[in-house]
Amino acid sequence: MFIARQDVVSTASLTYAGIFFALYVAAHLVVRYTVPFADPYLLPIVGLLTAVGLTEIYRLNPDDAFKQAGWIVVALALFSLTLFLLRYDYRRVEAYKYLFGLTAIVLLVLPILPLIGLTVNGARLWVHIGSLRFQPGELAKIMLIVFLAGYMREKREVLAQGRPKDWGPLLLVWAMAMLVLLQTRDLGGGLLYFGIFLAMLYIATARTAYVGAGLGLFIIGAIGVWKVTPHVQDRVTIWLHPWSEHKVSCPLSGQLELRQNCQSFQLVKSLYSIGNGEYAGTGLGKGTFQNVDGKQIIPDLNTDFIYSALAQELGLIGAAALLLVYMIFVLRGMRIALLSQDGFSKLVAAGLTFGFALQTFIIVGGILRLIPLTGITLPFVSYGGSSVVANFLLLAGLLLISNRANRELLR
Amino acid sequence: MNKQVSQMGVVALVLLAALIVGTTYWQTWANASLAERQDNDIRLVAQFTIKRGKIYASDGRTLLATNVPKRVGGRTLYFRRYPSGPLFSDVVGYSTSTRSQAGLERSYNDYLTGSNANLDTVFRSAVDRLRGATVTGNDLVLTIRPGVQALARRLLQGKCGAVVALEPATGRVLAMVTNPTYNPNLIEKHFGLATRTTGPCRSPLLNRATAGTYIPGSTFKIITAAAALDTGRFTPDSPFNDPGYCIEYGKQVRNAGNPEAPETFGSVNFAFGFQHSVNSVFCNIGKTIGAGTILRYAERFGFYSLPPLETPENERVESGLYNRRRLFKPRRPEFQVDPGRLAFGQERLQVTPLQMAMVAATVANHGAMMRPRLVERVVSPGGKTITHLKREQLGRPIKRQTADELTHMMELAVRGGTGTAAYIPGIRVAGKTGTAETGRPNVHTAWFTAFAPADAPRVAIAVVVEDQLNGFGGTIAAPIAREVMEALLR
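Residue numbers (numbering that gives the first Met the number 0), protein chains in the order written: chain A, 0 to 410; chain B, 0 to 489.
Read the hints as simulated data drawn from the structure, not as lab findings. A few of these clues could be false.
To be verified - Derived DSS-like pairs (lysine-lysine); straight-line CA-CA distance at most 25 Å:
#1 A:K164 - A:K96
#2 B:K69 - B:K188
#3 B:K286 - B:K328
#4 B:K69 - A:K294
#5 B:K286 - B:K250
#6 A:K226 - A:K246
#7 B:K188 - B:K53
#8 A:K294 - B:K188
#9 B:K53 - B:K69
#10 B:K53 - B:K389
#11 A:K154 - B:K2
#12 B:K69 - A:K285
Note that the structure is a prediction, hence the values are computed from the model and not measured.
Chain A extracted, bound-state conformation:
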């Protein structure tokens, strides 16, 4: 299947497809060796998603595809390493939960630091060391889940009582999410971390009151941030009114422009791209991403907006199929959480899976104008090293948990 996909783009990329397939086989063998009882669906699903992403990136920008392939190799190496190290009992990591938690916070704070922090598109999410750019938030997400799972397993019964003092952690995490939101000026990040936290808290305590209060607090907090941060206000205006009838002041050029030619340029062009796909799509390699003058129509097409490129070329059929693949991944992930025997494993598996789904929802929902747009990556498909590495670690975690769960079931 991968070979066939690559073939569509160019016959010259056959070797390229061959290398990809070899990598996939290698990963498969590592999985067979280290976690023989693991869920058999996850790795093929990830292989498919990665291949689709790589193909589309190759179609948009071959140079980026080669870089991405390099990142996949790095990610696979880390993936294999993780499986090897934790193949007997991954639950060892639970003992280091506070270290994980602390590292996650450090990683989240890194982009705010003056020297190495980097602002891209108005959001402070990047760290750069020399020419190497990295989005630590992706990794922080996984560490945070491990920490939360460990912490909640330990404090489950206490938290479930719901006494006033038990609300402390909720308020603390909420305050942190808001801080992250304020500092990074990134709506989606805050929503993602807080959403994962709420989901895990609900699973651990079964108290809907936490969820309700948490959501309420988040909305209040988000409104507060919206009031004081012009960047977030802009995002909301773009979301509600991407097209303006009259010219409005454009902060990018300092002149009066139609909003679709200024702030909401990217969103609007992306919607045109999706609309152009119709049912069947233009066909891979036949979409229009450059205007009459040969300029790229949508900025950041192969990272945040790769979904609109795919939706144009693959059409509703292809885009829906892609989302169904994500749904299968979520189903398998939740199944792992159900089958695992201990609370820590359940919480990690459910947290990772929910985070995976929520991240997909936040970026694609933003592109589709369901929610305000935030630039985060589409797991396994978008171009981006940090994203690929983090998501392969997420996969490793799920495989480890399912290996143990299935082994115990068979015993």
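On the provided structure of chain A, position chain B as indicated by the hints.
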């Protein structure tokens, strides 16, 4: 715990399902409205992937519009080029990415892009699209003679005005020139340069032949005479007395010439009055038959409706009375319109050169008005003619006898009246001059409308030249008309 895990699983799946719903909305429901958006580059690019049909002059060889392929973003886009430059710009128009379209490029866009409803084209375009081949549009062959068009353009050089030549029996437009004009190749990238004008003339984008309105002056006397003869109230021999003026509303309306001592012809007949364009004669006719009758005949000649040419509607204008720049159709003409001044083409009349050429062509065609036509045929890329020009009679404003009497009077005007400058040796030319007052002293709009040969007309023409200081229709416009007609009859 498992119950909560399942619930969260359902929440996650619902979130992802919402994405499928959202995608469905944009790709099916909202799809059409997205495609209509002005700033949708993708639809624009799609238009440029089509190889538009070429446009040729009447000889089928002179290329007026063609394509220049350019590789952009891994695909071939076709950009328009106009080898004839400004020579045909007002007819052909332009098709660019930033300035949209004009002229036949706009009104024949469907044919030129192969999206017309013709069965052959539909089939071919569909096959091309399925094969992934370049969709190629249909070619146009126009009725305009390239040599004559170039000649007319040369003759108008340095003047503002227009020339329209028609074939009376078929309605073919043989030449259509307006000056100043623009170079369509510059529209896209150098709009400012393309629309810059030197000299007194402005608005180079305006097609003066179809959308320029001018006071018709004495050329309108053809319509007054047609009404006078056709109603049977007058004959070419009807006697008149010309004291040099005509009394209207108790005031003198004087003939042309020095206002203190206007030309005076004394006892004349109708034909003589036409031959020498005597205002008092027409003033009296107007008073006799009334403004309503004259306007009714004008309407039968096509006034008060857009001339049915193939160019876009916004590039054509109705002829008729205008009040404060708006077409004015009097409900009770006998009280609202001055019949004497109307009869010799002043009042508030505004006409287009095309309308005037249609009047001359109708008289030439024995009273039958043909639909003017610019497109001779549409040819598929395979060389098959999809549609070709069909003669279409728009109406019969006047009787054959009236047309013949008018022809005779117009011949007199060229042979020994105001229009002698249009005389072509060996060919009987029928014509009528017009020198319209513009409101500024001694600045006139010079008109000439004619057809030839009078016994078997092959060409009808209208020439208008703006703002001539001490210039007259007979001296400025008639020589241009003569040269163009000679070239067409040769």
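A quick look at each hint next to the structure:
The straight-line distance between the Cα atoms of K164 of chain A and K96 of chain A is roughly 22 Å, inside the 25 Å bound, and the hint therefore holds. In summary, the hint linking K69 of chain B to K188 of chain B is supported, as the alpha carbons are separated by about 16 Å, within the 25 Å threshold. Restraint check for K286 of chain B and K328 of chain B: satisfied, since their Cα atoms lie roughly 19 Å apart, inside the 25 Å limit. Between the alpha carbons of K69 of chain B and K294 of chain A the distance comes to roughly 14 Å, so the proposed pair stays at or under 25 Å and holds.
Between K286 of chain B and K250 of chain B the CA atoms are separated by roughly 13 Å; this keeps the pair inside 25 Å, and the hint holds. For a cut-off of 25 Å, the pair hint linking K226 of chain A to K246 of chain A stands: about 23 Å separates their Cα positions. Between K188 of chain B and K53 of chain B the CA atoms are separated by roughly 21 Å; this keeps the pair inside 25 Å, and the hint holds. Using a Cα cut-off of 25 Å, the hinted pair K294 of chain A and K188 of chain B holds, with the two alpha carbons roughly 16 Å apart.
Between the alpha carbons of K53 of chain B and K69 of chain B the distance comes to roughly 17 Å, so the proposed pair stays at or under 25 Å and holds. A distance of roughly 21 Å separates the Cα atoms of K53 of chain B and K389 of chain B; the hinted pair therefore holds under the 25 Å criterion. Straight-line distance between C-alpha atoms of K154 of chain A and K2 of chain B comes to about 19 Å, which keeps the hinted pair within the 25 Å bound. Taken as a hint, the K69 of chain B and K285 of chain A pair is honoured in the structure, with Cα atoms around 17 Å apart against an allowance of 25 Å.
Comparing the model with each numbered hint stated earlier shows that all of them hold.
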